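Note that the protein sequences, when read in sequence, are chains A and B. Everything in the first sequence is counted per the working numbering, starting at 94 for the first residue and increasing by one. Everything in the second sequence is counted per the working numbering, starting at 94 for the first residue and increasing by one.
Derived by calculation from the structure, the hints in this document are not laboratory data. For clarity, every value in this text was computed on a predicted model and none was experimentally measured. Misleading hints may appear alongside valid ones.
Each pair may be met inside one copy or between any two copies, as identical chains are not told apart.
Once the Cα atoms are required to be at most 20 Å apart in a straight line, the calculated SDA-like pairs of lysine to any residue come out as [to be verified]:
1. K178 to R167
2. K187 to L385
3. K423 to G277
4. K366 to G188
5. K296 to G411
6. K257 to K296
7. K156 to L131
8. K366 to L376
9. K296 to A174
10. K302 to S180
11. K296 to R184
12. K178 to A299
13. K302 to D176
14. K366 to M175
Protein chains: 2
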Amino acid sequence: MTDDVIENRSPSDLRTVISVDAMGGDRGAEAVVGGMALSAEINPEIRFIVHGDSARLEELIGKRAILSERCEIRHADSAIAMDEKPSHAMRNGKGSSMWGAIDSVRDGEATVAVSCGNTGALMAISMVRLRRAPGVNRPAIAILWPSDNPQNYNVMLDVGADIKADAPDLLKFALMGASYARNGLGVAIPRVGLLNVGTEEHKGRAELKEAHEMIAASSSQNDIVFVGFVEGGDIPSDRVDVIVTDGFTGNVALKTAEGTAKAIGRQLRAAFKRTLMSRLGALFAYSSMRQLREKIDPRRANGGVFLGLNGTVIKSHGSADATGVSAAIKLAFTLAQLGFADKIAARVASAVPHGDDVANAVRSENGE
Amino acid sequence: MTDDVIENRSPSDLRTVISVDAMGGDRGAEAVVGGMALSAEINPEIRFIVHGDSARLEELIGKRAILSERCEIRHADSAIAMDEKPSHAMRNGKGSSMWGAIDSVRDGEATVAVSCGNTGALMAISMVRLRRAPGVNRPAIAILWPSDNPQNYNVMLDVGADIKADAPDLLKFALMGASYARNGLGVAIPRVGLLNVGTEEHKGRAELKEAHEMIAASSSQNDIVFVGFVEGGDIPSDRVDVIVTDGFTGNVALKTAEGTAKAIGRQLRAAFKRTLMSRLGALFAYSSMRQLREKIDPRRANGGVFLGLNGTVIKSHGSADATGVSAAIKLAFTLAQLGFADKIAARVASAVPHGDDVANAVRSENGE
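Just chain A, same shape as in the assembly (with noise of 0.2 Å):
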């Protein structure tokens, strides 16, 4: 719990440390806490800067022996409430833990930030304090959503930094979300679709027929395999690695799914407990449904990654208990680990004149 910890540092062991941000989300320190002491006994390298109130952290952090010498306390005497709105907490949030989180990111202290705490929040005092990278207009919130792919997961992004996105915007989207796929998933040639009504070229607005245009024009140069429009039902399928939407129809997609999924999930339990039979095939079934259970668990890959800011933050749902946490800290720092805010800007970067190119012609191939 001292400086020393993570003092004299080189940059491999900066890629071990995580900032954290405690007095975000639902369930307060104590979730935020019990997430990384989970974290640390799993693995041995990772370290902390947390940031919060001091003695409220020095109590629960003291009470886990696994903490000890992992940990470093960073006082803040404020924490941005759940419902605060994004430009007041970007206007007043200085001296938050919120944002003592994400300055350790932008101070080069720790590699990725993690936070359950107001979303909007969290991006607003994000894009302040870290800026957009290069090239990049709008920044994008990035989850892995369960699917049939080998690799487990599909990403879908965005899934609510911004409520629109332009045909630019969306082409960046599938590039960020291509590389998301290939550091975090492992996916080398990631296919990318990209969301609407219908799968005929012909359907949905002008800016998706103007985004499906510039992403198959720049899909080769990028390493990435345009599979054209998607369906809601494409998303969890293994016909595609990457879905790009806007943040408004993401969200609303993500809150959808999430509720589907938790409706059915009480439907099957009212079935199993309806019969003396059912409540014996629930006993026979138990373990594999457990393990059902376990594998298409929303907490086991709970975290929004932020992408195109110039250092990477990862949300984690409010309401995470400390296993949520434990599987946000678990995604930082993997991503840290691989480097993944640097080679995303490199690949962003290097494809924006080309990006803004293939926009310039496809906007005079229109006539506009």
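Take the given structure of chain A and dock chain B to it, following the hints.
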């Protein structure tokens, strides 16, 4: 199979006549006629005007005794292809089975038309032949979404009539959806929610904030309770009876939910097969699982209702089998019996001047 089946009919008799496009859909006339036969078995009053290739239809209907003397066949020279552009179908669709099915409603021979065909073409031809109801700018497609409510379903619209909707459109969707919930589901005072990416009033697109004010201002006069913004996870919940959104978002949400349910179904089957114990469990729980499958079977809530036209048109899923088609026909019959088209037209027409007043009042309040 002769004209006298439906001639000399009174208005109440007419409410038993359903116009059917037998040539639409992925499975062809066989599935459609199969669905008609299933409906005829459970409903002795129902009569059909069937549009399609007369030779094929005579053969298919002739094989089913239950349909004899209940069907009038109307020959159509052509059928609209599933991938035909709506604009092309609208210009060249005359003489097709779809066009004929809609014209039977237009001409007052049948109360409701049912088609499994191309959604875009069906909407385009319906707009041209039936025209929009007074006060409606954009029609909408409403579906029944399985929910935790006592009525087992919520109404969701628009799921794909158009790719956008402005604030006055969303207000009318709220009124039309509430009318559907009242008539189709028996909910006296429907609770209406507006789909957004958060429940806070400052969130979302400009047209959603405007629609929020308009629906709130008109709710008490229209026998609805406006619950404000809802999120994707609320669609199957008991917080709300009617969910209002634009056709792009609604279509993505619907297909995402269907895809999620299918993916969970696949995982569940795999889990039951995994071990000898779980196979035994599946055997014991078989009856309860079958009941659950039937309850959430999308075929049983098959049928998107086109709202906002001078007449009712029901779009059955393109891949519907006989069970699915029969569900769509059952819905058509229920709405025909209720005189739904007249009720909804009266509701929207009476609300329109008011709705426009509200829109104008809100706009002038906002200094526009």
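Taking the hints in turn, this is what the structure says about them:
In this assembly of identical chains, the alpha carbons of K178 and R167 never lie at most 20 Å apart, being 25 Å within a copy and 61 Å across copies at closest. For a Cα distance limit of 20 Å, the shortest separation of K187 from L385 qualifies neither inside one copy, at 43 Å, nor across copies, at 52 Å. Only within a single protomer do K423 and G277 lie at most 20 Å apart by alpha-carbon distance; the minimum there is 11 Å, versus 49 Å between protomers. When the C-alpha separation of K366 and G188 is checked against a cutoff of 20 Å, the pair qualifies neither within a copy, at 51 Å, nor between copies, at 54 Å.
Proximity of K296 and G411 under a CA criterion of 20 Å is satisfied inter-copy only: 17 Å between copies versus 36 Å inside one chain copy. In the homo-oligomer, the alpha carbons of K257 and K296 lie at most 20 Å apart both inside one protomer (18 Å) and across protomers (13 Å), since each shortest distance falls under that limit. When the C-alpha separation of K156 and L131 is checked against a cutoff of 20 Å, the pair qualifies only within one copy, where the shortest distance is 13 Å, while the shortest distance between copies is 67 Å. Taking the shortest alpha-carbon separations for K366 and L376, both the intra-copy value of 11 Å and the inter-copy value of 15 Å come in at or below 20 Å.
For the identical chains of this complex, K296 and A174 are inter-copy neighbours only, at 16 Å across copies versus 41 Å inside a copy, given an alpha-carbon limit of 20 Å. For the identical chains of this complex, K302 and S180 are inter-copy neighbours only, at 17 Å across copies versus 32 Å inside a copy, given an alpha-carbon limit of 20 Å. In this assembly of identical chains, the alpha carbons of K296 and R184 lie at most 20 Å apart only when taken from different copies (18 Å versus 41 Å within one copy). Taking CA atoms no more than 20 Å apart as the test, K178 paired with A299 passes between copies only; the shortest distance there is 16 Å, against 31 Å inside one copy.
In this assembly of identical chains, the alpha carbons of K302 and D176 lie at most 20 Å apart only when taken from different copies (18 Å versus 36 Å within one copy). For a Cα distance limit of 20 Å, the shortest separation of K366 from M175 qualifies neither inside one copy, at 37 Å, nor across copies, at 43 Å.
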